Amino acid sequence: METGGSRQVTELLVRWRQGDRQALDALIPLVYEELRRIAQHFLQRERPGHTLQSTALVHEAYVRMVGQNLPQWQSRAHFFGIAAQLMRQILVDHARTRQAAKRGGDVFKLSLDESSALPEQKDLDLIALDDALKSLSDLDPQQSRIVELRYFAGLTIEDTSEVMGISPATVKRDWATARAWLQREMMRGGS
Amino acid sequence: MTPERWQQIKKVLEVALALDTAERGPYLDKTCANDADLRQEVESLLASHQPTGKNILDEPLANILAAEPAPARHAMGTGQRIGAYKIIEEIGRGGMGEVYRAVRADGEFTKEVALKTVRGGFDVASVVERFRNERQILASLDHPNIARLYDGGTSDEGIPYLVMELVDGVLIDSYCDADKLNITRRLELFVQVCSAVQYAHQRLVIHRDIKPGNILVTKEGVPKLLDFGIAKILDPATTMNVTLVRPMTPEYASPEQIRGEPITTASDVYSLGVVLYQLLAGRSPYRTETRTRHELSEAITNTEPERPSTAILRRIPSDGADRGKRTAEQLCDVREGSLSKLQKRLAGDLDNIVLKALRKEPQRRYSSVEQLAEDLRKHLDGRPVSARKDSWSYRSGKFIRRHKVGVTASALAAAMLVAGVVVTLREARIAENNRLRAEKRFDDVRKLSNSLIFEIHDSIQNLQGATPARKLLLDRALEYLDKLSADASGDPDLQRELAWGYQRLAVVQGNSEESNLGNVKAALASDHKALSLFEAVAKANPSNTIDQLNVAMMHRILSFSELSGASGREDLEKAMEISGCLLKTDGQNPKVKSERSIEYQNLALMYSAKGDRPHALESYQENLKLKENILRANPDYRGIVRAHAMATGQLGDELAQEGQRKESLAALDKAILGFEEAIKSGAPPDVAREAAVARIKKCNVQLMESDIADALESLREASQTILPMAKLDPENTMLRSDAIGLEFERGVILTLQGKYASAVETLQVAFKKYEASGVSSEDPPGKGAFHMWLGEAEMGRRDFKVALQHFQKATMELAVPEGKAIHDDFRCQLAESHVKTGRALLSLGKMQEASTEFQEALETITPSLVTALQDVPAYYAAADGYAGLGDARLRETRSAKSDDERSKLIANARDFYVKSVEYWQKIPNPSRVSPSVFVVKSEGEVARSLARCKAELAGN
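Just so you know, the sequences run in chain order A and B.
Residues 1 to 191 in this note's numbering are what the first sequence spells out, letter by letter.
Residues 1 to 956 in this note's numbering are what the second sequence spells out, letter by letter.
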C-alpha cells in the first residue's frame with residue numbers, strides 16, 4: 001500500500017537525488033522520527049537476550065516510510081545513508097544523556113524499572129567511538145561513512161559497497177584500517 | 001595528523017594487515033626505511049588491531065544491546081545486625097537501597113522500625129555528614145501524617161542507614177483504588193497529605209521527592225508521608241546554600257528540578273500536583289508514550305498537561321509498554337462509577353486546581369501548599385476556588401516566546417504529523433476487526449481535531465509571516481478530514497468525531513485574519529460537511545437526542561453566517577423544527593432547552609437585522625424564558641448562570657431600542673448581577689468583561705434618559721473592571737478596544753454636557769489610540785462613531801467646517817460595502833450620519849447640498865420604513881431627516897426673492913415638519929438621544945418649528 005507519507009518520502013528521496021538540498025532537509029526529520037520511534041521500541045520493549053539487528057531496524061523504517069515498491073536502488077541507498085547517520089545520532093545521544101544524567105549526581109536514576117538495554121560500559125564506549133569517528137571524518141570522510149553504515153546501520157560489506165558506490169574490496173580495506181585507527185583512538189581517549 | 005599523512009599510513013597499514021604477522025616486520029623495514037615516525041604509527045595501529053571479538057566495532061551496535069545485568073545486592077538476612085538494630089525481614093528495595101523491618105537489638109525498645117540502608121555508589125562520609133547536619137530538623141518533624149525519623153548511622157561494614165517510623169500501610173494510589181474511593185474521599189485524603197507537607201515547609205524542610213511511593217495509608221485510613229528531607233541528605237550536590245538536586249523520581253519532578261535549578265517549596269507543590277493528578281485521573285500528566293528520560297524531561301519542562309477530565313479519555317494501547325495501564329472504564333469503576341460522572345466531577349474546578357499546581361513557572365503555581373489545600377477545601381465545600389483556567393493568550397504567548405524561530409517550522413511539522421495520523425487511520429480502517437487499532441483511531445482523530453491543528457494554528461495566528469504555514473495547516477486538516485470521511489460511512493463514532501473536526505475547522509477558517517470571502521466560503525463548506533456527517537449519524541440513530549441536537553446545532557450555526565439571507569432563514573427553521581420535536585420527546589433535557597434558546601437568540605438577531613423590532617423583542621423573551629427554565633430545573637448546567645445573564649442583557653438592550661428604558665435598565669442591572677454571580681461561582685474572567693459591557697449599555701440607556709450623573713457612574717463601574725484587565729493583558733486587542741471605548745463614552749458624555757472643548761480633546765486622544773491599537777475599524781466603538789461625535793462636538797464649538805469633514809468621514813466609514821447584506825442597525829447609523837452632514841452644511845449656508853444629504857438619509861432608511869414593521873431606530877432617523885429638510889426650507893426663506901416664494905418655502909417646510917412629527921408620534925417614550933446613541937432634533941423642537949411655520953402661514 002502506498003500511503004501519503006510514503007509518497008512524500010519517495011518524492012523527497014528522488015528530489016534529493018536530483019540535487020535538491022531542501023529535500024534532504026525535509027527528509028531528515030521524517031526519517032529521524034521514524035527511526036527514533038522504532039529504535040525506542042526495540043530498546044525498551046525487547047526482552048533481554050533477544051538480539052536486535054540494526055539492519056532490521058533500518059529496513060523496517062525504510063519499509064514503513066517508503067514501502068515495498070522500491071523506487072530505485074539509488075534512492076534506497078540514499079535512504080540507508082541518512083538512516084545510518086541518524087541511527088548514530090540517536091544511539092549516541094541516548095548514551096550521552098544517560099552519562100550526563102549520572103555526572104549530574106543522578107545516582108538513583110537507574111532504578112530497576114528504568115534499566116535500559118545499554119549497559120554502562122557500552123555507553124562510555126559508544127561516546128568514545130562517536131568522538132573518535134568525528135576525528136576520523138576529518139581525516140577520511142569516506143571511512144567514517146563506512147563505519148557508520150557498518151556499525152550503526154549494521155550493513156554488510158556488500159550492502160555498504162552498494163550504498164557507497166565503491167567496490168567491496170575497498171570497503172573491506174577501509175573498514176579494517178578504520179577499525180584499527182578507531183580502536184587506538186578510543187584507547188588513548190580513555191587513558 | 002593531516003589527511004594526507006593518514007592516507008600514507010593507511011596504505012602501509014592495509015598492506016601490513018593483509019600480511020601474516022611474521023611478514024610484517026620485514027615489510028615495514030623496507031617501506032618505512034626513511035620514516036621512523038610512519039613505522040611507529042603503523043605499528044601502534046597494528047597493535048590495536050585486536051583479534052575479532054574484542055573490538056567494539058566487531059558487532060553492529062544494535063546486536064549487542066543486551067539487558068543490563070541485575071545490580072549486585074547487599075541483602076541482609078534475618079537476625080543480622082546493623083548498628084544497634086536487628087533485621088527482622090526485608091520489606092522493600094528502592095533506588096537508594098533496601099528497607100528492612102527491624103528492632104532495637106539491645107532490647108531497649110521493642111517497637112519495630114523501618115531501617116533503610118544506603119546502597120553503594122554514595123560518598124558514605126558525606127551522607128553521614130549531611131545526616132548529622134539535618135537530623136535535628138528532621139527528627140523534630142512531629143506530625144500525624146509524617147513518618148518520624150528516629151536515628152541513623154553507619155554499620156560496622158560501613159553501610160550508612162536511616163531508622164524511621166515503621167508504617168504499616170498501602171501506597172496511597174493502591175489504597176484509593178482498592179477501596180474504590182470516590183473523588184471526594186480521595187480529595188479528603190490528599191488534603192491531609194498537604195497538611196503534612198505544609199507543616200514541614202513551615203519548618204523549612206522541603207520533601208523533594210513526593211510521589212505515591214512515599215505516601216502510605218494505614219489501616220485506619222491515615223496517610224503518612226515517608227522520607228521527608230531524605231533526598232537532600234542523599235544528594236551529593238547539596239552544599240551550604242545552593243541545592244541543585246537532580247530529581248530522584250523524574251515522573252514526579254518539577255520542571256526546575258529537571259533543569260537542575262534551585263528547589264523551593266513550589267517544587268513540592270508541583271509534585272503534589274502530579275500525585276493529585278494521578279489520584280484523580282489515574283493517568284500521568286504526561287502522555288504515556290513518553291518513556292525515555294529525555295522525552296519525559298522534555299514533557300515536564302515544555303508540554304502543558306492535558307486537563308484531568310480529558311486525560312481519563314486517553315486510550316491506552318494495550319500492546320507493549322502500557323500493558324497493565326487501566327482503561328477509562330476501569331478508572332471510573334474505582335472512582336465515580338461512570339465515565340460521564342467522573343468527567344463531570346473533574347471538569348472545571350478540579351481541572352483548574354490541578355493545572356495550577358502543575359504550572360511550569362514556580363511563581364505561577366499556588367504560592368504555598370496551604371493555598372492548594374485551601375482551594376481543595378473550598379471545592380469540597382462548594383465554594384468558588386481561586387484557580388482559573390490558564391488564559392489562552394498566556395499559553396500561546398508562551399508558545400511563541402519559546403519557539404520564536406521555530407513556529408513556522410512547527411506548523412509544518414504538525415502538518416506532517418497529521419499526515420502520519422492519517423496513514424495510521426487508514427491502516428486502522430483496513431484492519432477493521434482489530435479493536436486496539438480502532439481505539440487508537442479515536443485517539444488520533446481526537447488529537448487531530450482537538451489539539452494538533454487548532455492549537456498550533458491559534459498560537460501562530462498573530463505571528464507575522466506564518467500565513468503560508470497556517471494555510472498549509474488548514475489545507476492539510478481539510479484534506480485529511482475529507483480522506484477519512486470518504487470511508488467513514490456506517491461508523492457513527494468516527495462520523496461524529498469527524499463532524500466535530502469539520503466544525504472546529506470551520507471556526508478556525510471563519511476566524512482567520514484574512515477572512516475574505518474565500519475563507520468564509522471554506523468555513524461554510526466545512527460546516528456543511530459537518531452537517532452531512534451529523535445528519536447521517538442522526539438518521540442511523542433516530543432516538544438519540546444528542547445526535548438530533550447536533551443536526552439542529554449545525555443548522556443553527558449555518559443560519560448565523562447568513563443571518564439576513566434566505567438560506568439563513570431556512571436553516572434556522574430547520575433547526576427549530578428539530579428542536580421543537582425534541583422539546584416534545586425530551587423536553588426536560590437541558591441540552592435541548594439550551595439549543596432551543598440559542599436558536600431563539602439567532603431568531604431575534606434575524607428579526608432585528610430586518611428591523612422587525614417587536615418580533616426581535618419577543619424572541620429575546622423566549623430565549624430568556626428557556627434560560628430561566630434551565631436555571632431553575634438544572635442550576636448546575638454548565639455555564640447557565642452566565643448564559644442566563646447574557647440573555648437578560650440582550651433583552652435589556654432590545655428594550656431600550658423600543659423606548660422601554662426603565663425596563664431596559666432593570667434588565668441590565670439583573671444581567672450585571674447575574675454575571676457577578678457567575679464569576680463568584682468560578683466562571684472565567686472574561687465574564688467580568690461581559691458585566692462591564694452591560695454597564696456600558698446601561699450608561700447609554702441612561703444617556704437616552706438624560707441621566708448624566710447615573711451614566712457617569714455606570715461608566716466608572718465599567719472602567720473599574722476593564723482597565724485592570726486591560727493592563728494585565730496588554731496583548732488582548734478586545735480589552736484594548738474596550739478601554740478605548742470607555743474614553744469614547746466619556747467624550748460622548750462631555751459633548752452632551754456641552755463641554756465641547758474637552759469633548760473634542762478627549763475624543764481625539766481616544767481616536768488616536770484607537771487607530772494605533774491595530775483593532776479593525778469595525779471593532780467598537782468604530783471609526784464612524786468617533787467621527788460622528790467629533791463632528792457633534794465641533795458643531796457645539798461652532799467649527800462647522802471641521803464638523804462637516806468629520807461627518808463626511810463618518811458617512812464613508814458607515815457606508816456598507818457593496819454586496820454585504822445591510823443590517824438594520826447599520827442602515828440607521830448611516831442615515832443619521834447623512835442627517836448630521838446635512839446639518840453641518842446647513843450651518844455653512846449650503847442649503848442645496850444639505851437637502852441632498854437629508855434626502856439621502858431618508859432613502860437609506862426607506863427599506864426599514866416600508867416594511868410596516870415597528871422599527872424604532874429607523875423612526876428616529878426618519879424623524880430627524882424630515883426635520884432637517886424642514887430646517888433647510890426655512891433657511892432658504894432668508895434669500896427668498898418674493899413673498900410668494902417665501903410662503904411656498906414655508907409651506908414646504910411645514911409639510912416636512914408634519915412628516916417628522918408623524919414619525920415622532922410613532923416613537924414610544926421619545927428622547928433626544930436616539931437608540932443608536934446620536935443626538936437628534938427633539939420632538940419638542942420639531943413641534944415648535946412646525947408651530948412657527950403654521951403661524952407664519954396663518955399670518956399671511
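Hints in this document: simulated from the structure, not taken from any laboratory.
Treat the hints with care, since some could be wrong.
[As the list claims (entries may be wrong)] Here are the simulated DSS-like pairs of lysine-lysine, each with C-alpha atoms no more than 30 Å apart in a straight line:
| no. | chain 1 | residue 1 | chain 2 | residue 2 |
| --- | --- | --- | --- | --- |
| 1 | A | LYS172 | B | LYS727 |
| 2 | B | LYS341 | B | LYS846 |
| 3 | B | LYS680 | B | LYS846 |
| 4 | B | LYS783 | B | LYS574 |
| 5 | B | LYS378 | B | LYS360 |
| 6 | B | LYS937 | B | LYS897 |
| 7 | A | LYS172 | B | LYS897 |
| 8 | B | LYS378 | B | LYS937 |
| 9 | B | LYS937 | A | LYS134 |
[Stated by the list, open to error] Pairwise CB distance ranges, derived in the manner of DEER restraints:
| no. | chain 1 | residue 1 | chain 2 | residue 2 | range |
| --- | --- | --- | --- | --- | --- |
| 10 | A | GLU158 | B | ALA33 | 50 to 60 Å |
| 11 | A | THR170 | B | LEU19 | 16 to 26 Å |
| 12 | A | ALA176 | B | ILE91 | 23 to 33 Å |
Note that the structure is a prediction, hence the values are computed from the model and not measured.
Every residue gets a Cβ at the ideal spot worked out from N, C-alpha and C, and that includes glycine.
Status of each hint after checking the structure:
1. This hinted pair does not check out: LYS172 of chain A and LYS727 of chain B have alpha carbons roughly 71 Å apart, beyond 30 Å.
2. For the suggested pair LYS341 of chain B and LYS846 of chain B, the alpha carbons sit about 73 Å apart, so the restraint of at most 30 Å is broken.
3. Note on LYS680 of chain B and LYS846 of chain B: the hinted pairing is violated, with a Cα-Cα distance of about 58 Å set against a maximum of 30 Å.
4. Proximity of LYS783 of chain B to LYS574 of chain B is assessed by CA-CA distance (about 38 Å); at most 30 Å being required, the pair is judged violated.
5. Proximity of LYS378 of chain B to LYS360 of chain B is assessed by CA-CA distance (about 24 Å); at most 30 Å being required, the pair is judged to hold.
6. With a CA separation close to 29 Å, the supplied pair LYS937 of chain B and LYS897 of chain B stays within the 30 Å bound.
7. Note on LYS172 of chain A and LYS897 of chain B: the hinted pairing is violated, with a Cα-Cα distance of about 117 Å set against a maximum of 30 Å.
8. For the hint pairing LYS378 of chain B with LYS937 of chain B, the CA-to-CA distance comes to about 57 Å; that exceeds 30 Å, so the pair is violated.
9. Proximity of LYS937 of chain B to LYS134 of chain A is assessed by CA-CA distance (about 87 Å); at most 30 Å being required, the pair is judged violated.
10. In this structure the supplied range 50 to 60 Å is violated for GLU158 of chain A paired with ALA33 of chain B, their Cβ-Cβ distance being about 38 Å.
11. Range check, THR170 of chain A to LEU19 of chain B: about 19 Å between beta-carbon atoms, so the 16 to 26 Å window is met.
12. With their beta carbons about 56 Å apart, ALA176 of chain A and ILE91 of chain B fall outside the hinted range of 23 to 33 Å.
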